[in-house]
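*Asks:* This is what each chain is made of:
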Amino acid sequence: MALQSLDIALRSATTTPSPSVRQTTEVAKLIDVSTCIGCKACQAACMEWNDLRDEVGHNSGVLDNPSDLTAESWTVMRYAEHEENGKLEWLIRKDGCMHCADPGCLKACPAPGAIVKYSNGIVDFHEENCIGCGYCITGCPFNIPRISKKDSKVYKCTLCSDRVAVGLEPACIKACPTGALQFGSKEAMKDYANERIADLKDRGFKDAGLYDPPGVGGTHVMYVLHHADRPELYKGLPAKPHISPLVSIWKGVTKPIANAVLAGLALGGLFHYVTQGPNEVDKELEDEVEKEEK
Amino acid sequence: MANNSNELQRYSAQERANHWLVAVCFVLLALSGLAFFHPWFFPLTGLFGGGTWARILHPYIGLLMTISFLGLFFRFSGSNSLTATDKEWLGNLGKLVNGDPHSMPEQGKHNAGQKVMFWVQSICMLLLLISGLMIWRSWFNLPVELVRFAVVVHAATAAVMIGFIFVHIYAAIWVKGTLRAMLRGTVPRAWAKQHHRAWYRQVTGK
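Protein chains in written order, with this note's numbering: chain U, 227 to 520; chain V, 344 to 549.
Some, not all, of what chain U presents toward chain V, calculated at C-beta under 8 Å:
1) Val473
2) Gln502
3) Pro504
Listed next, the in silico DSS-like pairs over lysine-lysine satisfying Cα-Cα at most 25 Å (straight line):
4) V:Lys519 <-> U:Lys517
5) U:Lys427 <-> U:Lys313
6) U:Lys416 <-> U:Lys427
7) V:Lys438 <-> V:Lys452
8) U:Lys509 <-> V:Lys519
9) V:Lys452 <-> U:Lys509
10) U:Lys466 <-> U:Lys432
11) V:Lys452 <-> U:Lys517
12) U:Lys509 <-> V:Lys438
13) U:Lys509 <-> V:Lys549
14) V:Lys549 <-> V:Lys452
15) U:Lys427 <-> U:Lys466
16) U:Lys416 <-> U:Lys432
17) V:Lys549 <-> V:Lys519
18) V:Lys549 <-> U:Lys517
Don't read these hints as lab results, they were simulated from the structure. Small disclaimer: the values here were computed from a predicted structure and weren't measured. Glycine is no exception: its CB is placed at the ideal position from the N, C-alpha and C atoms.
Start from the sequences, fold in the hints, and give me the full structure.
*Replies:* Right, dumping it as structure tokens:
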């Protein structure tokens, strides 16, 4: 989504400061998996607000439908069946962009302004600047961005940046019938999460906790998990997400070093020529060869 | 054509055409690749019709370069095998660079520097091809761990290749008469005797 903005905290492939005079409150979406009933109202609201209709796919035999995120489905419910102490637990997780404080997608993106992070924490794709290389997919620790087969641009959850910018809550929050989805300032969401976690602990979930992974600087989509010690139970939610060291090498210090070495080689050549002169054939040798030829 | 007795044929028309096809591909790939390498160079995508066009064209030009490089490889791999004298030449490289060409051992058709260039470029080409295919999302969709590895290999190898090409281009500018060998195919006899004496003996019988 593109909105003229004065509160850009980070901008892809940009080495100078972006417009950032306006400071906004850091926001967060809180997903309380313990009160989610898996109704998919959030999925429907996402389609409706963003006016997207994914292709009707195939039922993979479980409730997950569509079975994965796509360029047109920016959030999907993932259902995991887990047995513990002789009890079946149905762990339901709303998957989508986590809006990392340190976004791997933005770090990897080579197109200026194709990915921005606003000061409120929302990480947004500006598809009109996207060149379709897929580097963001390589950078993302959560496997979120999807390339569209129609236009070769990448798409993902915008955290309804257009709605949030005008003081509305994201569409999924508005549609949730149980209050499992909450939206507000990140501080308020943490406070609310603590209440939920205390309640869960009271009810025997001793490992209940907040998922706000520090490996990516924290996220602006957080989960309350009954098993915060084992996030993988929730259909592979990464336990310790972080930007891959390979991506950091690729996009980190190696680039200025390579630039400096290449510039040094080019200048070195110039100054070598200027100081040493060209490597020409000796005059005596030329005369000698000429004599031989006669 | 060596229609002048003062000149020796060094590269055939096919060899020259092959070399310059690779060179054109390289320049296009370096310009579009650098655009993705660092934000400073992103404006170079304008030369290709914008970022999206640069992204679309880069891998296809890469395939063309691989195919044409293969031609160069088979034409020149025989004359680029490293020998014991090459080690001595490389050891004395500092003297040559500092303006003393007389302490260098006799060289065949290619000197040790050219041979090292040939093999470095060949290895780079192979690495760029494999890693490039791995990150080509229009056609392939590999596990992300492999793609992450391939992007690092691709960027690092490309930087090495560009660096060596800078040396290659500078050597052609610095050693007078070299550029002409690749443009027109011929070199003066004296040039051959000075820079590639063993090759000079071989082709002239002197």
